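If you're matching them up, the sequences are chains A and B in order. Position one of the first sequence corresponds to residue 701 (the numbering used here), numbered consecutively onward. Position one of the second sequence corresponds to residue 701 (the numbering used here), numbered consecutively onward.
Zero decoy hints are in this set.
Since copy identity is lost for identical chains, a pair holds within one copy or between any two.
Calculated lysine to any residue pairs in the SDA-like style (CA-CA distance at most 20 Å, straight line):
hint, residue 1, residue 2
1, 852, 830
2, 752, 877
3, 766, 729
4, 767, 813
5, 702, 729
6, 852, 834
7, 744, 719
8, 766, 756
9, 767, 812
10, 767, 755
11, 906, 918
12, 766, 814
13, 886, 711
14, 767, 814
15, 767, 757
16, 767, 747
17, 880, 865
18, 767, 734
19, 894, 916
20, 766, 812
21, 840, 854
22, 880, 719
23, 852, 831
24, 843, 854
25, 840, 852
Keep in mind the hints are simulated off the structure, nothing from the lab. Given the structure is predicted, the values throughout are model-derived calculations rather than measurements.
There are 2 protein chains.
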Amino acid sequence: MKKAVIVLSGWLDSTVLLYKLIDEWYDVCAINFFYGQKHSKELKCAEHICKKMGVEYTLVDISFLKKLLNSALTKDDIDIPEWHYQADTMKMTVVPNRNMIFASIAVGYAQSIWATIVALGVHGGDHEIYPDCREDFMQKLNKAVEISDRHKVSLYYPLIHMDKSTIVNVWLHLWVDFAKTWTCYKWGEIPCGKCWSCMEREEAFKKNWMKDPLLASL
Amino acid sequence: MKKAVIVLSGWLDSTVLLYKLIDEWYDVCAINFFYGQKHSKELKCAEHICKKMGVEYTLVDISFLKKLLNSALTKDDIDIPEWHYQADTMKMTVVPNRNMIFASIAVGYAQSIWATIVALGVHGGDHEIYPDCREDFMQKLNKAVEISDRHKVSLYYPLIHMDKSTIVNVWLHLWVDFAKTWTCYKWGEIPCGKCWSCMEREEAFKKNWMKDPLLASL
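Please construct the entire structure, taking both the sequences and the accompanying hints into account.
See below:
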């Protein structure tokens with residue numbers, strides 16, 4: 701059976717991607733990263749989904765990045781900006797080189813277990829401000845990944861041209877349990893509804909004439 | 701002043717590279733990784749050299765890789781092969797995707813402190829068996845690195861075509877303190893003289909008609 705590693709954050713995008721891989725008959729192993737992010741509730745969602753789907757789940761603690769790298773997502777003394785992002789506040793939520801760090805560790809894991817692809821949930825909704833979420837970057841990184849070992853591993857990022865509402869639409873065919881996906885940037889028991897991620901998610905469901913199953917289940 | 705991040709293992713190659721960067725008037729910050737390797741004596745050498753040269757030194761613990769990835773260098777239950785490597789025993793000392801993992805974290809660090817280059821000690825002596833030490837791999841990875849953020853960082857690997865004896869020869873011009881560089885794959889108080897790395901080092905000094913200053917200082 702063909703084998704895949706997925707970087708599964710527990711957010712909407714990577715969760716849809718996990719269901720897509722299972723739908724494509726991959727034997728999937730999930731890897732997730734705790735890097736000191738405040739929105740760590742997503743970690744529990746990722747674990748829950750894997751348990752439900754019988755997928756092996758590995759959480760890797762790379763919270764040393766908190767000390768090493770600068771970002772509002774990881775530093776305790778900086779507040780997450782509310783409402784829609786402006787370029788300057790949005791830049792604060794960038795963890796420098798995060799996608800390359802995640803991908804490189806996931807590729808090492810894939811090489812260890814003889815998987816042939818590493819799936820990443822990068823998508824068109826990832827804004828202009830994140831250069832490491834763009835197709836050009838993923839293509840170039842993939843060229844390095846494919847020759848980094850004798851056992852060939854490739855990056856797989858099929859959501860790259862989809863916005864959030866298109867990804868939600870994919871759900872209709874794959875039966876993703878969105879009531880268990882977490883995308884709020886804050887800590888609370890329920891999503892704050894105010895941060896950029898909450899607003900984007902709300903818009904995505906609205907565009908599909910749906911109510912968010914997570915909010916409906918509260 | 702132009703700023704550089706160096707991945708400094710404390711081994712011969714990266715130590716020479718550090719001296720080279722200082723010689724080129726870079727303000728250098730060093731980053732090193734503990735990934736569960738048995739030859740952790742090199743870590744002390746790296747710290748010592750940085751203290752001596754007034755270079756900021758950061759040690760990052762990524763020993764979760766020990767659990768995640770397979771290699772004789774990190775697994776307690778596998779012995780390091782002695783004498784010159786054969787292809788199959790040498791393959792055992794590969795930590796999957798190690799160079800990409802190190803580079804990606806170092807690049808994130810460089811982006812945080814506005815450095816413009818990440819220097820890596822990969823060299824021509826790194827054998828055929830390590831695909832992620834080859835120039836083709838470094839070039840492709842660099843293309844991804846350079847577009848991963850708005851602040852451009854490039855990889856710098858000037859030793860890529862040099863063998864160990866050429867690198868030792870560079871020392872003659874840069875006054876590297878080789879008595880403080882550690883390259884043995886084993887734990888002992890003194891280098892074992894039997895592992896592949898010890899033998900390669902011995903040969904490099906011999907080719908330069910020199911005695912290894914580390915052995916001379918014992």
